[in-house]
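Chains L and C, in that order, give the protein sequences. In terms of the numbering used here, the first sequence is residues 640 to 694. In terms of the numbering used here, the second sequence is residues 1156 to 1868.
Be careful, since some hints might not be right.
To be verified - To give a feel for the contact side, a few chain C residues facing chain L, derived at Cβ under 7 Å:
1. Cys1190
2. Ala1191
3. Ile1194
4. Ser1195
5. Asn1213
6. Leu1214
7. Thr1215
8. Gly1265
9. Phe1269
10. His1515
Said to hold, decoys possible - Among the chain L residues that face chain C by a calculated CB cut under 7 Å, a handful are:
11. Phe661
12. Pro673
13. Ala678
As the list claims (entries may be wrong) - What the simulated footprint calls covered on chain L by chain C, stretch by stretch (three residues with Cβ under 8 Å from a Cβ of chain C suffice, anywhere in the stretch; the number is not a length):
14. 642–656
15. 664–671
16. 681–687
No lab work stands behind these hints: they were computed from the structure. No residue lacks a Cβ here, since even glycine has one placed at the ideal position from N, Cα and C.
Letter by letter, the chains look like this.
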Amino acid sequence: MNVLVVLIPVSVGLGLAGLAAFVWTMRASQYDDPEGGGARILDDRFDDSPDGDRR
Amino acid sequence: MTAACPACIAADGIGEESLARGGDSVQLHLPDIHCAACISQVEEALARVPGVARARVNLTLRRASVEGAALSAPALVAALAAAGHRAQELDQSLLAGQGSEMRDLLMRTGVAGFAMMNVMLLSVAVWSGAADTTAQLFHLISAAITVPAIAFSGRPFFASALGALRHGRLNMDVPISIAIALAAGVSVAGALTGSDEHHWFDAALALTFFLLIGRCLDQAGRRAARSAAAELAALDVPQAVRLTAAGREVVKAERLTAGDLIELKPGDRFPADGQVETGRSDIDRSALNGESAPAPVAPGDAVQAGEVNLSGLLTVRVARAGRDTALSRLTDLVATAEAQRSRYSGVADRAARAYAPLVHILSAAAFVYWLWLTGDGWRALDVAIAVLVITCPCALGLAVPAVSTVATGRLFRRGLLVKSQTALERLAEIDAVAFDKTGTLTTGAARLTGTPDRAALALAAGLAAASRHPYSRAIRAAADSRGIAPRAVEDATEVPGRGVEARAAGRRVRLGHPGWLGCDGEGVALDDGQGTITRFAFEEELRPEAPALIAALKARGLDVALLSGDGPGAVAAAAARLGIDRAEGRMTPEDKAEWLAARGAEGRRVLMVGDGLNDSAALAGAHASLAPASGLEAARCLADVVLVGDDLGAVSDLLDTAKRSLGRMRQNILISVGYNLIAVPVALAGLASPFLAALAMSISSLTVTLNSVRAQK
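The shape of chain C in the complex, shown without the other chains:
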């Protein structure tokens, strides 16, 4: 910071919306909170941070909203970390507008419910024998309640139906709107003229009410999915440190342009493609190509967006930023793959598509037939309304949303975020699973193999303490697990891209790339200063639950395959340890997408599980996809399901739940079709009274809802 006065320092951040904050609010995502004690710990920890005026935890959404002046999200996150809670900043722009739609729908449901109950009371009086003036009075009161209630509550259906008709299409809302409007209109006309015909006030309201409940459930599911997507997108707001003549400034990655000089600390992810200007380091390329071993870089080497700087401070000259980066070029591939999948239509869609025209044809036919039979327009209209009201899919509207709400809620508690509406149905259909290796089945961390000399390991662990390289971490972990205390060393310095050197008992000791110590090969070598070179070899650490998961998937009769961008040797070794028969190495993102397309052409339905950018096209193209939350944003955005907990074993539960849910959805649709099979002939015969319609509607909706929430064994 070169600015000399406080005002300049404050002015420095102007224009960086996410970094400079006045008196406003910050939203934090708290994935781990679950009880009253967590709430009070979080709120107290946040209240102690200077500048915080109010902190409120929402346990349902696992979020905290903080209000105050001059808030800095990193300081809040650090304060929570000190109190033992994980937290991430949420990008507010992504969360905007959520919740208002749900409120709106709930309000409409409430009004419809109130109106339905009052009108139902009046209708019971009419059904039980009120006649003449009393009946007309009751009808007029019903009309006074019904008309405004339907005008308000039925708006979502009318709007959607009009929209569909304007585009020359039919959707489920068209018969619904016609039924509601016709039933209410004919009844109002009847009440005003005092006719003895059937009055359908209660049916029109009950239809609106039950359908709105279905809409609310649907909306709740959509909201959960969208909020999950927003949370995931907010996990990493990509930023970069730009070096300018005036000093360094933090900017959003999308504002970088070619020619900018940026600085990267160890642990940073490259925000743009470029060339290393100064510094040496190791970089982790696994996100882009699946290679598990880190690669050294020196001035002049090319780096790509998405890779991670591991050990040294680097300055990089940006060559391509934003949409032009290698990372963004993958999106074309992804878009093609996604376009193929969007054609999938769920059970509800298919049922509705077959149903909507049928309803119209049936009621039109009923009208024409009765007009021809009796020559009485009112009577014919009455029968047509009865058919419309009875066939209107209250139960069908609840059949799918009720089941998926129950199932997604259960999966959320198991650490699985279901992002896509049709994901459960597609998951229920899969017959093969393809895994990515690095970061998905393996933790991405290395593990020391063999049994090295204890003294050498103690010295290596002492040296490794100075470095963040994955191999250093593996050496420290290995020493820890064997109960070996690291040997103290002096003046440990990391030589980026090479290793660590230090002094021990007066001698120069080094730990690093074998090439640096004058020998060749893989892994890491240790020079103890007395001329002895000790070699350490590593293997990838498998996720502890991975072997059991693979065994469980095979036991279900699913084919399991391993698709990796890593070298064939490493892939074959991992496949052997996991018991996977089909393993492919050195696959480019295109190869993976093609492999999946080929399986698709064979009629196979594959679940793709992957976390990297090189998996993104495959995730988008597969029949269903899953990404761990530790994966890259691109992968999480494309996946249907995101694994938030760290337990990959939940995949097996996910498949069980999906299969059972699809079964439940089909049962529900059968139940509602079954009711219609009985009720429609009755209505066509002109025997359906408003009382029977109300009964059929309520019982079928109730049966379907109860069937959805029925405990799954």
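Next up, chain L with everything else stripped away, as it sits in the complex:
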């Protein structure tokens, strides 16, 4: 059962990594405009600056 000493931290760590990724997407406003994100990917003009800072 000593393998648990490794496996449990790994499992919880992976879960925490997922949670951290979720928090990051949230902070980066990725849920604010889901439709817009889907539309922008179709247009070459947004390729260089998907954030819209085109000036």
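Once you've looked at the hints, dock chain C against the given chain L.
Coordinates of chain C only, in the frame set by chain L:
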């Protein structure tokens, strides 16, 4: 502008928050955008406007936020209009604070989800046979994950439950909070002492997670409704041009006081009640009383807030402004009507009200019974927790929000904004529809009737080009549709309140009120300068989809009525053209509200469709209400549903969707009650294990969600 130096000009606007802008941002509402090309067109058009530093379109919210220095919203709107996009400025103060609550809930859901999955993995190990020290280790790890996760994620429930208890009430969050706290607390105690009793870590977390999903859906619906209301309120920020000794200044309508002199251009809506000081014009009173024909005004005549100036420049001495205007006095009427409706409680409320006490009684009874039976406090507590966890309404919490999220999303794509939480349920119950006439079933525009002489129509169209009067527009439209080119005239000038005069082939020609040309009657007369008077008659233009809609409503077995403030003749004519049997003319706002109250007393449930101020009390008092986006702010604010697209035919779809949604909600509630009917006896018998609880909770939540998103045929 009398200021001489640039600094004074800049200082002129200080104090007018909405007009003077430094380096800040403007939010624009873009109702028509729908694709990637629209996004880039809008962003490029905005970027070309001087002063704009950054423009970003949000396609989901149909909004653009523009940042930069010295921005002027009208200039941005004009730039977008040139690029072919409709836009309106949004009042930022109304939008403040939106979105942060949703983010907060999503974060809590994410944390609960993470914790639930990890604890579930550990629980599976325990269920499949881990024992002794291993089991206790797993329980301790679960406790370490669960306690902080629940403290963070369960906050909305605990806060709401405490609030309810403080006011001596019970709400759905009370049993939820007790179940979560009790399950987690007993399990932590068990893990620390190493007892063999059931551990409920996963159940406490799964409960939090599923209920938070329901909360998120609910919040999304609320946010859509509130954002719709804010957008609609922002459509017209009422402003006025005040004439002072120093010149003219633009102020917010609410800052006007009695005695101010204001100027109104053709097309402006009166911001306050008052008396015409100088100028002549025609005014459109339809918003206040439903009359379709414009009325002439001259110096000394009274005008009221909400009316629209049509043809001439007017200066008006303000008599009453702000809360004292005739428009605001309607609000008393509206408040009474609204108070009656707020008593409506939705399916979810009614189910929860019956459910919450039942849950408490059942689990308390289980505790007492098992304590008496076995004399073992831990065992009794275990059964009580099982009952609480299993009866806790995960599925019930999802039953209604999941359906209304799906339905409102579908309706939004059809051009209908559902503003009220219980609107769908109320719409599903209606058995009669009452329409306002002017602006709702008719476009508010006039249409030329009969077949006038072609030469006369050509001359009239030439003259009409100089005027914005609705009849002039009707004459031009009639000439256009008959393929008649307007005859060129010289020196066309509009004589406000009377008509247009010009010169054609050296003669003085006139088009205007029959009285001005020396004859009497209605409509418009044309003097061609050679002594011939041609008369033009008009009728109201019906919305093209209106007759089909009325027929469709009647085919569903709904009673249709027409309630209008217009004269009985015009109302009867419109009713006949639309095939409506029951038509009432010359109704005051009070009459309309009373008519609806009388139907309500008969047990009828009426959907009111109207756009004007004179409909506002009726909209607030009806069982359900709908207003077109072209209507006045007051009407849009009070209506449950706002028709954003221009297609009135969507009303028929709306009723279909509402009916099906209510059916779905009832199915969902039955499903969750059904699960409980099976699970509760098992729990009461002391046979429910945490594993069974987790299974029942997940399956019932999943069934309900799938049933909600199942395609509606």
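Does the structure break any of the earlier hints, and which numbers would those be? 10
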